[in-house]
Amino acid sequence: MQIYLPIADLPVDIFLVLAMGLAVGFISGMFGIGGGFLMTPLLIFVGISPAVAVASVASHIAASSCSGVISYWRRRAVDLALGLMLLAGGILGTAVGVWLFTVLRGLGQLDLTIGISYVVLLSTVGGLMVSESVRAIMRQQQGKPVTPRRGGAHTWVHGLPLKMRFKRSKIYVSAIPVWLIGFIIGFVGAVMGIGGGFLLVPMLIYFLRVPTATVIGTSMVLTLVTMASATVMHAATNHLVDAVLALILMVGGVIGAQFGARAGQNMRGERLRLLLGLLVLAVGLRFAFQLIVQPGDLYSIRVLGAE
Amino acid sequence: MTRHLIIAAALLAASIAGTKPAAAERLVTSISRHQVLVNSSFTGTSIVLFGTVEPDTPTARRRASAYDLVVTVTGPKQTIVERRKERVLGIWTNVASRTFINVPSYLAVLSNQPFNQITNADTIRQLQIGFDSFILPQQLGSDIGDVGRDDPFRTNFIRLKTQHQLYVQKTNGVTLLTPTVFRAEIPLPAEAPIGNYDVDVKVFAESAMLTRANSAFEIVKVGFEQFVATAARDYGLLYGLTTAMMALMTGWFAAVVFRRD
Chain A
1 MQIYLPIADL PVDIFLVLAM GLAVGFISGM FGIGGGFLMT PLLIFVGISP
51 AVAVASVASH IAASSCSGVI SYWRRRAVDL ALGLMLLAGG ILGTAVGVWL
101 FTVLRGLGQL DLTIGISYVV LLSTVGGLMV SESVRAIMRQ QQGKPVTPRR
151 GGAHTWVHGL PLKMRFKRSK IYVSAIPVWL IGFIIGFVGA VMGIGGGFLL
201 VPMLIYFLRV PTATVIGTSM VLTLVTMASA TVMHAATNHL VDAVLALILM
251 VGGVIGAQFG ARAGQNMRGE RLRLLLGLLV LAVGLRFAFQ LIVQPGDLYS
301 IRVLGAE
Chain B
308 MTRHLIIAAA LLAASIAGTK PAAAERLVTS ISRHQVLVNS SFTGTSIVLF
358 GTVEPDTPTA RRRASAYDLV VTVTGPKQTI VERRKERVLG IWTNVASRTF
408 INVPSYLAVL SNQPFNQITN ADTIRQLQIG FDSFILPQQL GSDIGDVGRD
458 DPFRTNFIRL KTQHQLYVQK TNGVTLLTPT VFRAEIPLPA EAPIGNYDVD
508 VKVFAESAML TRANSAFEIV KVGFEQFVAT AARDYGLLYG LTTAMMALMT
558 GWFAAVVFRR D
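Just so you know, the sequences run in chain order A and B. Residue 1 is where the first sequence starts when you use the numbering used here, and the numbers rise one by one after that. Residue 308 is where the second sequence starts when you use the numbering used here, and the numbers rise one by one after that.
Hints are not guaranteed to be accurate.
[Stated by the list, open to error] Using C-beta positions, here's what the derived DEER-type ranges look like:
1. B/R391 to A/I116: 15 to 21 Å
2. A/P211 to B/P496: 34 to 40 Å
3. A/V303 to B/E525: 17 to 23 Å
4. B/V527 to A/L285: 41 to 47 Å
5. A/S131 to B/E525: 57 to 63 Å
6. B/P421 to A/V96: 54 to 60 Å
To be clear, the hints were calculated from the coordinates, so they are not data collected in a lab. All figures in this text were calculated on a predicted structure; none of them were measured in a lab. Note that CB positions come from ideal geometry on N, CA and C, so glycine has one too.
Please model the complete structure; the sequences and the hints are all you need to start from.
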């Protein structure tokens, strides 16, 4: 069944978009991520312009992380204090990201920027995740005990001033790296149309030593607020949010996420991280391939404005 | 100098053709719809143009040679940038670009036979019949003009527009039902932009244009589609807040429905 999208200005198959929402929602629920890095390329593939795709996916991620936050909140797995501190940086990062998005769109280099950012970010993060989880799995198979987190293990991050205590996560760190991480996630999210969950979770674990119990719930709080504000900012500045497209994606996404979450609970942590790492890496390589291999069509046209 | 001569000669030829008493024809056209409504189930449509060529005065004799017809439909004007990718440092990226200024977003050229069998090359160029002769103004340095039809940017522009079915050229697009009554179908894809479309019909006989007529239709968004589009454009902030609220409600709803504990 075809439905005409009022902002994207083209008809799409409603069941195809719903199925995409379900599939991405399943993956996002399974790994506790937003899934924007999968959804945005899928929408572009269906023929929706990159700008509309990025702007509309923001609201889809807001919906799926909202349902995630509620269920993690019930399990007391959300560190609200940490979430709010991350947010302070996140909102600023989103505003700068939306501004840069508008500038790049005017310069005609938005596609290239999105393409290169995807390659660099996804291949790096994916590669790191895969190597880390493979090592963890190998250690386990050799029968060596997994090194537990030592109370006194300090890195340079812990030497920074403005220290704060986050009770629920049981950590005592400086506010500066927290703000910085928030800013990066907000910025990347607005420019690339991704929630940044797959980036935020490893950052919180490796830099701030946030325990696994609260890391996903807390990262979802940040994703929820940055993506909801990205939706509002994209709508107010670029007028590119397609509410009809967003609604179809949301409905598929939240349903898929529930089933994904159940599938994810039956899997071991490092196996889950390996799978997610491979997925992230695959998407990154797919974008790299696109940049390196000669495109089928060297020419492209884009409407600048109507008379 | 030679160009002026050609234009002068063409004008002279046109005035002679115009004053020929036997060439008094009247063209009457009608289109099936003057308004195309875009709603949520819009997937493209087509408009049918009917017309008849009749002698202006009852005493005028019918021509021995057949009539030829060229229908040109132009959509709302747009400024479009075309970019070409090249390999830079191993990466395929947009390097060169060309801006097409106020060109038709939609262009259909329909006729009953190939243009060069309808009239001569000069007239084709002068009346801008077909893609090759239609003037597509481009920004060339500080000037605005149309380059030759073999320019790669121009040919690829037309190719891309044709792929999206926004530019259509059919030399069998007009059917003569009787020697004087014709019918043409104007295909409109779902991507055809909102706005006013001009329909220009030209009648030829013996290589000369006898008369032409203009008509128009418009494509408008209606109902929900129009409401959403207007809201997004005119009330961006409110629209964004509503969409964000919708996202939160959907998420909350899912969390409640699928609650297990």
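Cβ distance range 34 to 40 Å for A/P211 and B/P496, holds or violated = violated (55 Å)
Starting from the hint 15 to 21 Å, judge whether the C-beta atoms of B/R391 and A/I116 obey it.
-> holds (19 Å)
Take the C-beta atom of A/S131 and the C-beta atom of B/E525, compute their distance, and say whether it sits inside 57 to 63 Å.
-> holds (60 Å)
Satisfaction of the hinted span 41 to 47 Å by the C-beta atoms belonging to B/V527 and A/L285 | holds (45 Å)
Take the C-beta atom of A/V303 and the C-beta atom of B/E525, compute their distance, and say whether it sits inside 17 to 23 Å.
-> At 19 Å between Cβs, range holds.
May I ask you to test the hint 54 to 60 Å on the CB atoms belonging to B/P421 and A/V96?
-> At roughly 57 Å between Cβ atoms, A/V96 and B/P421 fall inside 54 to 60 Å, so the hint holds.
In summary, the one numbered hint that this structure violates is 2.
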